[in-house]
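Novice: According to the numbering used here, the sequence shown holds residues 1 to 60 in order.
If you're looking for bench data, these hints aren't it; they were derived computationally from the structure.
Incorrect hints may have been included.
Unchecked claim - Simulated DEER-style distance windows between Cβ atoms:
| id | residue 1 | residue 2 | range |
| --- | --- | --- | --- |
| 1 | T22 | V51 | 21 to 29 Å |
| 2 | R2 | S44 | 55 to 63 Å |
| 3 | T46 | K4 | 51 to 59 Å |
Note that beta-carbon positions come from the ideal geometry of N, C-alpha and C, so glycine has one too.
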Amino acid sequence: MRSKVLSVRQVGYDRSRTWAKTRRAGLAPRYWFLPLPVRNAIRSATRRTRVHALLKKAGL
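Throw the hints in and build the complete structure from the sequences for me.
Specialist: Structure, rendered in structure tokens:
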């Protein structure tokens, strides 16, 4: 019977470096570091208060 060996390595992952180019190109969603439910709540609240258009125009 032949034995098989599996080795596992844990490596660090620097998300900020990988997303930097994407953010500079304007392809990453705003506030990408926040969970989607939080982003949706912020979007919903700004639309209800009619501030969304002003924030979008200002680039925020």
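Novice: Using the Cβ atoms, figure out if R2 sits within 55 to 63 Å of S44.
Specialist: Hint holds: Cβ distance 58 Å, inside 55 to 63 Å.
Novice: Falls inside 51 to 59 Å, the C-beta gap from T46 to K4?
Specialist: Distance hint for T46, K4 holds at roughly 55 Å.
Novice: With respect to the beta-carbon atoms only, verify the hint that T22 and V51 lie 21 to 29 Å apart.
Specialist: Given range 21 to 29 Å: holds, Cβ gap about 27 Å.
The structure is consistent with each of the numbered hints, conforming to all of them.
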